[in-house]
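Model the full assembly from the supplied sequences, consistent with the hints where possible.
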Amino acid sequence: MSAARGLRVAAAIGLLGLLLVPIYWMVVSSLTPEARLFEAPHLVPRTVTFEHYRALFGERQFLVPIRNSFVVAALTTLLAVPVAASCAYAIARFRFRGRGLLLALILSVSMFPQISIVPPLFLVLRALGLLDTYPGLVLPYVTFSTPLAVWLLTGFFRQLPPDLEEAALLDGASRLRALVDVVLPLAAPGVATAAILTFLYCWNEFLFALSFTLGPERQTVPVAVTLFRGRYQVPWGQVLAATAVATIPVALLVAGFQRRIVAGLTSGASKG
Amino acid sequence: MAAIRFEGIEKVYPNGHVALRPLTLEIADGEFLVLVGPSGCGKSTLLRLVAGLETPTAGRIVIGGSDVTELPPQARDLAMVFQSYALYPHMTVRENLAYGLKVRGTPKDVRAERVATVAQALDLSQLLDRRPAQLSGGQRQRVALGRAMVRQPKAFLFDEPLSNLDPALRAQARAEIARLHQALASTIVYVTHDQEEAMTLGRRVAVMRQGVIEQIAPPLEVYARPQNIFVARFIGAPPMNLVPARVLGIEAPDGALAGIRPHDIAIGTDGRPTGVQAIVELVEPRGHDAVVHLRLDAPGTLVVLAVVQNEPPAVGSRLQVSFEADRICRFDERTGARLRQ
Amino acid sequence: MSPRLRSGQEHERWLVPLLVGPALAFILIGSLVPIAATVWEALHGHDLRLPWLGRPFIGLDNFIEAAGDPRFRAALVHTVVFATVTVPLEIGLGLALALVMQTATHGRSAVRVVALLPWAIPTVVAALVVRFMFEGLISPSFDWLVRPLAAWVPIGVADVWKTTPFVAILLLAGLQTIDPALHEAASIDGAGPGRRFLTITMPLLIPTLVVAAAFRILDALRLFDTVYVITAGGPGTATEPLSMYAFIALMQRLRFGYGSALSVTVFLLTFGFALVWVRTLGRSLVGDRV
Chain E
1 MSAARGLRVA AAIGLLGLLL VPIYWMVVSS LTPEARLFEA PHLVPRTVTF EHYRALFGER
61 QFLVPIRNSF VVAALTTLLA VPVAASCAYA IARFRFRGRG LLLALILSVS MFPQISIVPP
121 LFLVLRALGL LDTYPGLVLP YVTFSTPLAV WLLTGFFRQL PPDLEEAALL DGASRLRALV
181 DVVLPLAAPG VATAAILTFL YCWNEFLFAL SFTLGPERQT VPVAVTLFRG RYQVPWGQVL
241 AATAVATIPV ALLVAGFQRR IVAGLTSGAS KG
Chain S
1 MAAIRFEGIE KVYPNGHVAL RPLTLEIADG EFLVLVGPSG CGKSTLLRLV AGLETPTAGR
61 IVIGGSDVTE LPPQARDLAM VFQSYALYPH MTVRENLAYG LKVRGTPKDV RAERVATVAQ
121 ALDLSQLLDR RPAQLSGGQR QRVALGRAMV RQPKAFLFDE PLSNLDPALR AQARAEIARL
181 HQALASTIVY VTHDQEEAMT LGRRVAVMRQ GVIEQIAPPL EVYARPQNIF VARFIGAPPM
241 NLVPARVLGI EAPDGALAGI RPHDIAIGTD GRPTGVQAIV ELVEPRGHDA VVHLRLDAPG
301 TLVVLAVVQN EPPAVGSRLQ VSFEADRICR FDERTGARLR Q
Chain D
1 MSPRLRSGQE HERWLVPLLV GPALAFILIG SLVPIAATVW EALHGHDLRL PWLGRPFIGL
61 DNFIEAAGDP RFRAALVHTV VFATVTVPLE IGLGLALALV MQTATHGRSA VRVVALLPWA
121 IPTVVAALVV RFMFEGLISP SFDWLVRPLA AWVPIGVADV WKTTPFVAIL LLAGLQTIDP
181 ALHEAASIDG AGPGRRFLTI TMPLLIPTLV VAAAFRILDA LRLFDTVYVI TAGGPGTATE
241 PLSMYAFIAL MQRLRFGYGS ALSVTVFLLT FGFALVWVRT LGRSLVGDRV
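Chains E, S and D, in that order, are what the protein sequence lines are. Under my numbering, the first residue of the first sequence is numbered 1, with each subsequent residue one higher. Under my numbering, the first residue of the second sequence is numbered 1, with each subsequent residue one higher. Under my numbering, the first residue of the third sequence is numbered 1, with each subsequent residue one higher.
In case anyone wonders, no lab produced these hints; they're calculated from the structure. C-beta atoms are modelled at their ideal positions from N, C-alpha and C, and glycine is treated no differently. Worth double-checking, as some hints may not be accurate.
Which chain S residues stay away from chain E? Per the calculated CB distances, all over 12 Å, these [to be verified]:
| hint | residue |
| --- | --- |
| 1 | Arg60 |
| 2 | Val62 |
| 3 | Asp123 |
| 4 | Pro253 |
| 5 | Gln277 |
Derived list of chain E stretches under chain D, where covered just means 3 residues or more per stretch with a C-beta under 8 Å from a C-beta of chain D [what the hints assert, rightly or not]:
| hint | stretch |
| --- | --- |
| 6 | 16-23 |
| 7 | 101-111 |
| 8 | 132-146 |
| 9 | 239-249 |
Right, here's the structure in full:
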């Protein structure tokens with residue numbers, strides 16, 4: 001029945017196209033001169049201008065928040081992933097008292113509303129002089145990205161057949177050696193997925209960044225973009241250029257690792 | 001090579017499940033012992049206890065005279081062939097074979113030499129630079145075997161190594177393992193659920209059920225003189241027939257069951273004292289022989305299996321069935337234990 | 001769980017605290033202690049602009065004030081209604097999208113990329129783009145952001161746009177775990193596509209739907225980023241959700257005691273929901289992982 005099938009394919013393409021409309025609009029508008037921004041939109045822009053991007057990286061110094069986001073995301077990932085991986089390995093491979101409780105605890109933390117943590121964290125960071133610094137963001141980020149990474153990696157390690165480690169043990173390797181020689185190389189895909197998801201979390205996080213940074217020197221991209229102020233009104237051209245730039249790393253990660261990301265997200269969720 | 005001794009070994013899991021009831025067992029140096037039984041009987045648990053992958057809840061394990069109960073697997077100097085082979089997927093065949101030696105700090109030249117010898121013996125020399133993913137099932141099995149051989153361990157442990165192979169390859173691999181035992185005179189503990197494998201490979205066979213060794217004896221003895229109904233029915237295919245003793249016309253205490261193997265049933269009178277009348281219900285030709293389902297003319301409907309070498313009888317035909325008297329085993333109906341003459 | 005779970009590794013148990021320690025430390029220090037501190041803070045009067053008043057213990061006074069605060073009540077209503085409206089919408093649309101995505105045999109990767117993109121971009125970015133679209137391009141004569149009810153539309157659109165594809169991906173994975181043989185058997189038995197969907201697909205999809213819904217509800221109750229960007233809670237406070245009111249009390253009005261009480265309310269709301277959900281459905285979000 002190719003008619004019905006054709007209809008389904010058309011519907012699929014239509015729906016997916018619909019999903020992309022805002023992004024397309026964003027990119028096109030970022031290349032449109034400010035004066036023409038609110039005119040009726042054309043599918044293909046008549047005039048293309050880079051004035052917004054120039055202003056973005058010129059006066060606005062948008063490279064600063066980009067740098068901040070990268071640094072914070074990278075530091076968090078480097079810290080959170082090993083922490084989560086070792087915890088996940090222990091949960092997956094060892095049987096110890098309180099294992100269930102630990103997992104439940106870790107999961108429940110991911111359900112906390114961030115706003116509930118802001119007051120004391122703010123006060124503590126202020127007391128420690130960590131407001132408006134990289135560590136001031138990295139530490140809360142690590143705390144909040146670890147649960148997802150642990151959940152992801154626990155599922156992953158569980159699927160790794162224990163045979164291989166046992167074979168290494170019988171071959172004479174100490175548990176640590178077995179970890180390095182056998183488990184680590186095989187854990188690479190799972191670890192990569194956890195790293196990507198952690199990076200995405202940091203890149204997108206808003207509330208903590210808004211609360212714990214005070215000035216443009218340490219603000220991350222989401223905060224910087226939201227706080228754009230024009231002289232009279234919101235400088236939409238630049239805002240859209242900024243959002244387009246903010247989308248690029250994300251788009252690259254998604255395009256490059258979509259299979260991994262989906263596998264990671266659905267391994268736990270779909271089975272309930 | 002070393003002897004292995006279990007003293008009062010017991011394994012109970014935290015959730016209460018009893019995997020092994022207290023057992024004491026001695027495996028001689030150079031002996032090939034097969035642990036066989038249905039799933040959940042404890043045979044794999046016993047093997048993993050030897051390996052050190054599990055710790056017993058009670059008892060001692062002694063290997064080659066030393067108590068290893070507290071030792072971790074890496075210190076026990078044993079080699080194990082896993083059901084899944086557990087080949088390191090990211091290493092080449094050569095690296096897989098050499099891993100155990102490398103970990104122990106064996107010098108490079110000794111490593112290379114041993115790997116080459118074993119590769120030669122197992123016909124793997126051409127495959128040394130490949131990865132496990134590029135090998136066939138049979139080749140992987142040989143690499144798993146080679147990895148164990150290279151180590152020259154105190155004993156070999158096999159955990160159902162043939163169950164992932166095609167039936168055609170199984171016989172070949174079985175022969176290889178038998179040859180290995182002959183050549184190295186190694187102590188082998190071999191776990192399988194396949195009773196045929198157990199019978200052909202083992203010098204002694206331990207039939208297990210629910211954490212208990214029901215019988216441990218050389219294969220022929222287990223076959224001909226099973227200790228109880230479970231062993232009698234588990235060993236031998238098609239399984240032993242069990243009928244009330246009077247049906248076979250032999251003397252036995254009330255309520256006893258008689259067991260007779262399909263191979264020991266003869267069809268047609270053949271000059272033997274007459275047995276029982278029966279009708280042929282079904283014939284399953286197997287090529288070199290046939291399994292005949294016979295419905296006996298006895299009170300109650302009883303179907304008995306016989307194996308017939310010659311031209312099998314036609315379905316529906318009526319004939320005389322006789323039994324080899326000295327092959328009949330008697331069992332107590334209640335306890336299942338075999339009754340002596 | 002089968003008792004045959006590899007329970008070995010009893011030899012190197014000492015590794016466990018080492019492996020679990022760092023994560024546990026972060027979680028304890030990074031969230032559990034702060035939550036306790038917030039609760040403690042909520043029981044005290046603490047106004048950062050009036051430091052000379054100290055931090056007296058005032059028991060549940062902050063909560064009582066909140067209960068009588070019309071702005072709090074409005075924020076609570078906003079939050080709950082928002083969740084009630086958007087979540088079924090997202091689940092429904094997500095299901096439709098998932099069913100459509102299932103038919104795509106070619107270009108699976110492209111489909112996934114397109115579906116992941118809205119989810120992956122920062123919430124504020126999504127919200128900004130939607131706001132831009134509503135500010136002048138969609139029916140330019142109708143100023144959405146100035147009308148109390150209409151202002152919810154761009155907020156809803158941004159939320160639905162961002163999360164529906166993600167829900168679709170979760171549901172798609174759930175759909176793919178359904179053995180196609182079941183559909184084949186059903187069609188041989190005479191069931192048409194509609195009936196098969198209702199009697200085979202939906203029942204088997206329920207676990208996945210439950211999980212997806214739980215996550216979405218949790219996120220909806222924590223609504224903040226989108227509103228901050230699109231309406232800043234306006235016009236007035238017509239679109240202000242709970243998290244936002246707490247944030248304003250804390251960071252703008254510097255009333256830490258009161259703001260903490262509001263935060264605790266959000267916490268109770270989300271956590272309370274999670275507990276009720278888990279208990280009622282008897283399906284732990286932890287699932288069969290333990």
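Proline 253 of chain S and chain E, when compared Cβ to Cβ, separated by more than 12 Å: holds, 50 Å
Glutamine 277 of chain S and chain E, when compared Cβ to Cβ, separated by more than 12 Å: The claim holds: glutamine 277 of chain S sits with its nearest Cβ about 55 Å from chain E, beyond 12 Å.
Given coverage of the stretch 132-146 of chain E by chain D, tested with a Cβ cutoff of 8 Å and a minimum of 3 residues: holds (count 6)
Distance rule for valine 62 of chain S, whose beta carbon must clear each one in chain E by more than 12 Å: holds, 18 Å
Non-interface claim for arginine 60 of chain S, where every Cβ of chain E lies beyond 12 Å: Non-interface label stands for arginine 60 of chain S: nearest chain E Cβ at 20 Å, farther than 12 Å.
Annotated coverage of the stretch 239-249 of chain E by chain D, confirmed only when three residues or more have a Cβ within 8 Å: Coverage by chain D holds for the stretch 239-249 of chain E (5 residues, Cβ < 8 Å).
8 Å C-beta criterion, at least three residues: is the stretch 101-111 of chain E covered by chain D: Result for this restraint: holds, n = 9.
Check on aspartate 123 of chain S being off the interface with chain E, judged by Cβ distance over 12 Å: Given that every Cβ of chain E is farther than 12 Å from that of aspartate 123 of chain S, nearest at about 22 Å, it holds.
Three-residue Cβ test at 8 Å for the coverage of the stretch 16-23 of chain E by chain D: holds (count 5)
Of the numbered hints stated above, none is contradicted by the structure.
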